[in-house]
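Peer 1: Guided by the hints, dock chains G, H and W onto chain C, whose structure is given.
4 protein chains.
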Amino acid sequence: MSSQTTTGTLLVCCPDRKGLVAALSGLLYNHGANILQAQQHTDTTEKIFFQRIHFDLAELDISRSELDDLLRIECGRYEMRWRISYSDPPKRIAIFVSKFEHCFYDLLLRHRLGELPCELALVISNHPDLESGAAQFGVPYHVFPITKQNKAEQEKKEIELLQRENIDLIVMARYMQVLSDDFLATFPDRIINIHHSFLPAFIGAKPYHQAYERGVKLIGATAHYATSDLDEGPIISQKVVPCSHRDTIKDLVRKGRDVERVALAEAVRWSLEDRIIVHGRRTTVF
Amino acid sequence: MSSQTTTGTLLVCCPDRKGLVAALSGLLYNHGANILQAQQHTDTTEKIFFQRIHFDLAELDISRSELDDLLRIECGRYEMRWRISYSDPPKRIAIFVSKFEHCFYDLLLRHRLGELPCELALVISNHPDLESGAAQFGVPYHVFPITKQNKAEQEKKEIELLQRENIDLIVMARYMQVLSDDFLATFPDRIINIHHSFLPAFIGAKPYHQAYERGVKLIGATAHYATSDLDEGPIISQKVVPCSHRDTIKDLVRKGRDVERVALAEAVRWSLEDRIIVHGRRTTVF
Amino acid sequence: MSSQTTTGTLLVCCPDRKGLVAALSGLLYNHGANILQAQQHTDTTEKIFFQRIHFDLAELDISRSELDDLLRIECGRYEMRWRISYSDPPKRIAIFVSKFEHCFYDLLLRHRLGELPCELALVISNHPDLESGAAQFGVPYHVFPITKQNKAEQEKKEIELLQRENIDLIVMARYMQVLSDDFLATFPDRIINIHHSFLPAFIGAKPYHQAYERGVKLIGATAHYATSDLDEGPIISQKVVPCSHRDTIKDLVRKGRDVERVALAEAVRWSLEDRIIVHGRRTTVF
Amino acid sequence: MSSQTTTGTLLVCCPDRKGLVAALSGLLYNHGANILQAQQHTDTTEKIFFQRIHFDLAELDISRSELDDLLRIECGRYEMRWRISYSDPPKRIAIFVSKFEHCFYDLLLRHRLGELPCELALVISNHPDLESGAAQFGVPYHVFPITKQNKAEQEKKEIELLQRENIDLIVMARYMQVLSDDFLATFPDRIINIHHSFLPAFIGAKPYHQAYERGVKLIGATAHYATSDLDEGPIISQKVVPCSHRDTIKDLVRKGRDVERVALAEAVRWSLEDRIIVHGRRTTVF
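Residue numbers (my numbering), protein chains in the order written: chain C, 591 to 876; chain G, 591 to 876; chain H, 591 to 876; chain W, 591 to 876.
Simulated from the structure, these hints should not be mistaken for lab results.
Don't take every hint at face value.
A pair holds if it fits inside one copy or across any two, identical chains being indistinguishable in the list.
The calculated lysine to aspartate or glutamate pairs, modelled on DMTMM-like cross-linking and capped at a C-alpha distance of 20 Å, are [as the list claims (entries may be wrong)]:
| no. | residue 1 | residue 2 |
| --- | --- | --- |
| 1 | 681 | 658 |
| 2 | 689 | 719 |
| 3 | 747 | 772 |
The structure presented is a predicted model; accordingly, all values stated were derived computationally and were not measured.
Chain C extracted, bound-state conformation (with noise of 0.2 Å):
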């Protein structure tokens, strides 16, 4: 999956008509894009063509910047929403935590394995309680308490942060605030959370505890962008894990730990190899 070169990946969607595939494929072809990988689905219900191109540059025989001009004016006579990034520099991540730090040292771990092709640009939390977590990894972290009073005070310091920072991708990794519409409509498709039950079962607040009143058999992580409907943001990657009468809340606690921390590695991983494309509710992961 992973190559050494650099590498693009181009992201479309729109609606279906022939000669999308050979368009496009022509288009990078024709300038010395090697495909490494390509996916094509087409939701037959709603005649929505989506696309995802990975190729190799090596040999691309034009710049950056002219395959954008070319893309534009390509996907442009096909109503086309794109999208074109490349490997090279790598995305730059901002990870928000609050206390929780089981997500929070799984995605540095991760990151530090090489799983992430990314970042870690900063850490942004409303307690300090993780800062040594984040200095051992060598992450900048800063603390932004947040209190009715000061919160749309406090998010503006934030969007100045992660703006001047170039962040590309925000991570909610247990953040035990919500974020205001504003803060949301800043970063659209840019915020992933985790909310810890199989989403929509268990929205809201205190999921196991919910889980555990329902006497479910299976309890689950759900990763999902962040839109201003909580909970309701469009789904990425859902976990679960078989539970039984022999787990307490604090059991159940236990195990979705485990399958949090997965959904949402996995989650933020997709969106950095470019594999995610949001088409209202519902997303297309390739």
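Peer 2: Chains G, H and W alone, transformed into the frame defined by chain C:
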């Protein structure tokens, strides 16, 4: 697990206190029972004691009715809810179906393969469609067409039939009628239903359509005891299967059939093996 | 996924080079094909290119034989192994069975439910036991008893029957005879077998007994193409299910049936949908 | 599951006969123990009885050594192998590591999160690489470089250290040295290893490479007790994760890390909670 000799299974549930395990195992031992399997669980939050004892009757030195008397006295001392049942004669089950055949055939086949220790006494349906299927497996098929007008009357006839046939367990294998509260109250904790979602997500009609709209990445099925709160009964078994943007609603229905079958069959087998204790909205499955 | 219109599916595999995606999508587009699904994968280690293109024929402006000619020329230029097939007429499959009925009935039912896009042309068995089952579903049943003495002769008759009936795919649904190398060579990559373990663990006879002895905590099933190296053919699908010390060999057999059914059905469906490319000992499943 | 009060756990294993459950539960009851969890399993094939009793000591009316004496007498009568342990003082574990850090950090974090009821007494490694990681969590780290020449001598020092530190359980968290038979014999059923395949598939070196070559569709991990037969010890926990043609060996290694972590942590926790009885090549996990 299974034994060719006759076995008994005792299920008990009561407020926790000391000596419960010793009391029942002592009583059984003193009368020649050989315990094959025993599990005891204490819900330390609610202080409830649950136990299942599965034992060999070969050298029992008293009659079943004498054992009943002794248990009544002993369990009375501890305010136990209790139930004893025997492998012989086998339990008798009735399957309720409409037009969907996948769970229906699955149960017929599993019974023939020896997976379900019971007599398949009869099938009840509101449609004649699956009659020939039942005939192939030699199971009597009774049609009770249901309309708004005749529902109460038809249910009364169904209850008469079920009671006359000494039915121990009713299995709703995608039966597309809502049973009345009166019907449900006649067979408490003895009616198993399969719902085609991982409850409590997608309660109500067309769960696969709901799942598609929400864009989930897992679909599931839930076997539960039927209660007057639709889709709210105590959950026995839940299964899920991954899905993706490639799955149309038709694909979700197809994938869902696989987990519906397995979840329902598991719940039925566990019930026949007397592994389930219902307490409030939750089940203990030993 | 499925479409009511006629569709074609092209599978190709060749040494990787630039322009492959553009070449084939261009050819199809130029002749009016509408691509519904396309996936392209490059094995960067071995430098092999794999592609599946699934397209709508409704506005194809040339005949199938003309398309064949064009593909032969184009694919020849790139040293491609290629295969095209059409949704109409449907593929014809033959099921081989012995006495175990769970996979057999499962395939019959899935076919009736519309899960398997094919004609269920015939059943071949070395025993008469399942004849009535086939009759219930209206499928011709041919008995070829096999002994050491008559095996070569019987296989010859089977091959004649399969060829006369234009069988596209042979499914060994727990068929308990080893097919000869001659038989296998007659239908390369067209015979699917189900082995009742997660290969390569527990190769050979009695895998559930082996699994019990080894004390594993998962048992599995593997659907693979049959080759002359027994249990060594390219793997298509694998499924597992948890087990424990509570499971006797009989329980493992029961649990295993569930995963055998699902793995085999999945492999058959994927084959019928032309999703599988075999390359060496491995499969690419789009 | 967890209790703030001190608890004891009794594990027994013996030839099956009547009265075993009554004998032990009676003995405990008579001296004031409150049974919190009990499971009893009879292997009906081999006629072996297994039991775990987890009880509250709060009102025990005899000392631990007196209970020991009583159990010695009672268990002696039935030829029981038995072991009793207490939640206080907590068990002490030693982690063996080399250079791979994923299982190592996972155990450190789970311990800090309260998932592993033990003292993390020390780390032993043949390399200094992970020393700073251990330091971050405040765990002493001992380096014993191993060469062919010094292996016996170094192992002797390791054993001395482990015995001096009263280590109850040794966890090989991807430790890349084979322990000698002498070492293993010193800690029978007290060394847990993680193998990066679903054993018995892919025994020996480079299992992910083997899995890639074989083209499997699931990869796994197996936590087992280490014995002198490499990769043949009694299995405690196995986990798998789906893979496909898209996964390079590097991807398999990445995916495998997730299941290695979960399988190993589960095995360690079960061992610390005294849930495991080894009998021959198999484990009973209550």
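Peer 1: What are the numbers of the hints the structure violates, in ascending order?
Peer 2: Of the numbered hints given earlier, the structure breaks none, since each of them holds.
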